[in-house]
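Asks: Sequence:
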Amino acid sequence: MSRKDLRRTDWHRVTRRKEICRPTEWNGHTGLAGLMLIEEVTAPLTISYPYGPVKIADKGYSWLQIALRDARFWITAMFDDRNRLIQIYCDITAGNQFDDPENPWFEDMYLDICTAPDGSLCVLDEDELEEALQKGDISSAAYDQARRDCRALHEYLEVNLLNVTEHCKALQKAMKRELCLV
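The letter at position 176 of the sequence shown is residue 1407 when you use this note's numbering, and the numbering goes up by one with no holes.
Treat the hints as calculated values from the structure; they're not laboratory data. Among the hints, erroneous ones may be present.
Stated by the list, open to error - EDC-like mimics (lysine to aspartate or glutamate), calculated; alpha carbons at most 20 Å apart, straight line:
id, residue 1, residue 2
1, Lys1249, Glu1409
2, Lys1249, Glu1270
3, Lys1407, Glu1256
4, Lys1286, Glu1271
Owing to the predicted nature of the structure, the values given are computational and were not obtained by experimental measurement.
Build out the structure end to end from the sequences listed, making use of the hints.
Replies: This is the structure in C-alpha cells:
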C-alpha cells in the first residue's frame, strides 16, 4: 500500500505551489480540506482512463483535497487553470490518519472512484486490489472492507454527486480566494 498525504509531499512534479488548509465538515464528519494551487510543474500530467485521457495537473491548476475523520475515503477535486472542475477522484483508504494535524494522510486501498466527463462514475484499479490480495500485501478482511467501502461510496455518489460537486466547487472558490489574499 502506498501512503499519501494532504500536502502531497511525495509529488515532485509540482515544483512551485501555494497551499492552504482549513477545518471542514461534511455530512456529519469533521476533517481538513487542503487546496493546492499549482504554480509550476516539471511537465503536465495526463492520465489515461477507460473513457480517455484527462489532463489533471498543469500550471494554474488546483487540487482540493478533503480528508474526513472516521472515513475510509479521501476526496480530490481537480480544477483546470480556468477553475473548471475536471473531475472528482475518490481514493478508498484504510482510514484517514490525523496524527499530524497539519498534514493528514492515508494508506491507499487501491480502489478509486472518479467522475467521467459525462458525469458517470467509474471504479478504477480493481485489478490492483486483486493483485495485492494474491501477493499477500493485504488480508482478505482488508480486501473485503475495501470492496464494501467502495460499494457504499459509489452508491452514495450515485444519489448525491450533484451535491458533492457543488460542495467541492464552493469550497475551492472560497479557499482560492482566501489563499490569494495571503
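Asks: Could you run down the list of hints and mark each one as holding or not?
Replies: Quick rundown of the hints versus the structure:
The suggested pairing of Lys1249 with Glu1409 holds, with an alpha-carbon distance near 11 Å, which does not exceed 20 Å. Distance check on the hinted pair: Lys1249 and Glu1270 sit about 7 Å apart at the alpha-carbon level, within 20 Å; holds. With a CA separation close to 18 Å, the supplied pair Lys1407 and Glu1256 stays within the 20 Å bound. As the CA atoms of Lys1286 and Glu1271 are separated by approximately 15 Å, the hinted pair is consistent with the 20 Å bound.
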